[in-house]
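> Going down the list, the protein sequences come from chains R and S.
According to the working numbering, the first sequence is numbered sequentially starting from 1.
According to the working numbering, the second sequence is numbered sequentially starting from 1001.
Hints may be right or wrong, so weigh each one.
Here chain S is said to cover these stretches of chain R; the calculated rule only asks that three of the stretch's residues, wherever they fall, bring their Cβ under 8 angstroms from a Cβ of chain S [to be verified]: (1) 7 to 14; (2) 50 to 64; (3) 152 to 161.
Quick caveat, the hints were computed from the structure, so don't treat them as lab data.
For clarity, every value in this text was computed on a predicted model and none was experimentally measured.
Glycine included, every Cβ here is placed at the ideal spot set by N, Cα and C.
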Amino acid sequence: MAPQIDRALIDELYSRANAGRWQVPIDHFARALDASAAKAFAGRAPSARDLERYLGLLRLEELALACACAAGLEAAWDHFVLEYRPVLYRAADALDPGGSARELADSLYADLFGLQAGAASTHAVSGFPGSSGVEGSRTGGERRSLFRYFHGRSSLATWLRAVLAQRLVDRARAGARTAPLPDEEPAAPAQHAPDPDRGRYLPLIHAAFGDALARLDPRDRLRLRYYYAQGLTLAQTGRLLREHEASVSRHLSAARKAIRRDVERRLVEARLDPDEIAQCFEYVTEDAGPLDLDRLLEETPGARNHEPNVQSEETSARVGKAMLVEEVIVTKRPSWKDRRGEEARRGRGGK
Amino acid sequence: MTTDRDKSIERLLRRPLSSDRQAPDHCPDAETLAALADDTLTAPARRDLESHVADCHRCQALTAAMVRAESSSGATADGAAAGMPWWKGRALKWLVPATAAATAVALWVAVPGQRTPLSEEATLESQIAAAPPAASPEVPRSDALPPPADARANSSPAREREADVGFERAAPAAPPASVPPQASLKSEESLSSKSPVAGSLPPSRGAPVDRRQASAPEPPNEIARRENAPPQQERTLNQPAAPLAQARAAADAAGARAAAGFDVVSPNPRIRWRVGPGLSVQYSADDGATWVMQQTGASAELIAGSAPTPEVCWLVGRGGLVLRTTDAGRQWQRTAFPETVDLTAVTASTALNASVSLADGRRFATTDGGRTWALVR
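Only chain R is shown next, with the shape it has when bound in the complex (with noise of 0.2 angstroms):
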């Protein structure tokens, strides 16, 4: 159930965000707070307090903007094509400068406006959820706008680049599964010459790694997802878990050597000499090919035994489901939204 917005509250916000300057109806505009605070609160009852709080942080002038655009207002569509159908197509060129993006981003503009009507395009709707392949389109008369997806939680030319983006990555998913992306080219596997000491270390080594990975702070993972999987800049990499550069370098460098710790401890667990685990990195050097955790934890003898020590497992009560166990073990891992509706139970629990 949304929450329950009083009117003078609304009063407020419409003449705050300067919806009238694109008569934008005040009923619309409402029905745009009530579904922003909808989903931020997801089935929570927010107290007065936090709801007027929460609203009085939201891009209103976006979000009415969107309400505008959303109900195919002129004057509105006239200052979103001036202001930001270029944000949109310089973000396109920016994901893929050969111009591929540029379809996509006018299959967006398209869907923004509410034109692909469903039965001469059906295009179900990336990443939103209800979507049903008639999303973004216009049907019995009423204009079915993607603009109502936007909240206002973020800038109205943030919320474009994600939804370009998310188009963009899954197109790529869909078009190889298996993949990369273009900016994640690893090189082509080297032929080995049969060596029956690989077939052993490796995997090895590559399960340490998996439960040393697992072992960080999910915070720390994603920091080094970013920065060594997805291959971004320092400040990039800051810039999105808020972080100054400086800082990043320290969590990278900090991160790094607690794996490689963790990675030589459990292979001297494994009863590996010193040569044999210089050996075990040599042989990470030489390989190129995708981490596959799951299969390798399944080939490595005890990988599925093992025991974690206390401090792991502190570690893990601590930081929440580590990733190896996730990967491993957990065969239906609890999704981002099932984790918040769990925490606002232990909320309301606990009042």
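Go by the hints and put chain S onto chain R.
Positioned in the frame of chain R, the structure of chain S alone reads:
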């Protein structure tokens, strides 16, 4: 040995995980990820979301793509400092020009015979050139963190440069050509042709829209190329060399000013606007004692401003951005400008009359509040 092992760990870290069990159904939607990027989520929500993204290759790729697009399109004017607390950024940014200015003034006073005042632009330019490299100590990356070499073969300095230029790494070796006006129009046409409802096209066919489409958007690479062009190439813009040099100095100075943020003071000194760094605009009616954030709808970095009256303020910025308020900032209006060149200065005498300087040295003036602009010879 130590280095080799670290490299092995880095090699493992760079590999894509082939087991990606997060189904898109479980992933947060674009709106939530946008809120994550803009840092508007509550701390618990952010923590949960980060936990998800940490293990979800799709969401990692998506958020990474978002930030790349943002960096490349210059949406975050102060991207490098986005992660630092605002007071640090502001303090550091003011410290450099302030120190340089103090040094310049001291030199000017101390050295006799140097009484001819330099032009404002030249002074600022020399200050910037003489300023200590304040940015370099902020990132002790080369010692702290070996860069991911591998296929990308990016050294630390290379990646720092990459951070400056945005999306260079992902771009092809040859810089993409500037988007011709036809390209935008073609997109428009393709949209029209796709449309099953011919009579209900988006209202993008109006005159202001076409004018904008014909000249924008210009890729950052193209801007950089033109700004770095040799003098003879610059002169093809029908501008003499000396004014261009002055314009460049002015543009550099304006860029530095914009990066640091600046105040626009009205004739009533109690009423002023504080602009930037970046897109933020604040208003004070009590001589800066208290500030109120104003929503301008600016989509590019603001560079200069002029407030001819306490009620009227003009702001200009990158890509031909002109904003104007006539009610002390309660409502800001974007004014259509015929060029997408960076605007480096504005001088306004009323709500209707203003002139702006472009980064290429030209000046335009309006006498109708920005509705029409005329090139000033």
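> Failing hints, ascending?
1
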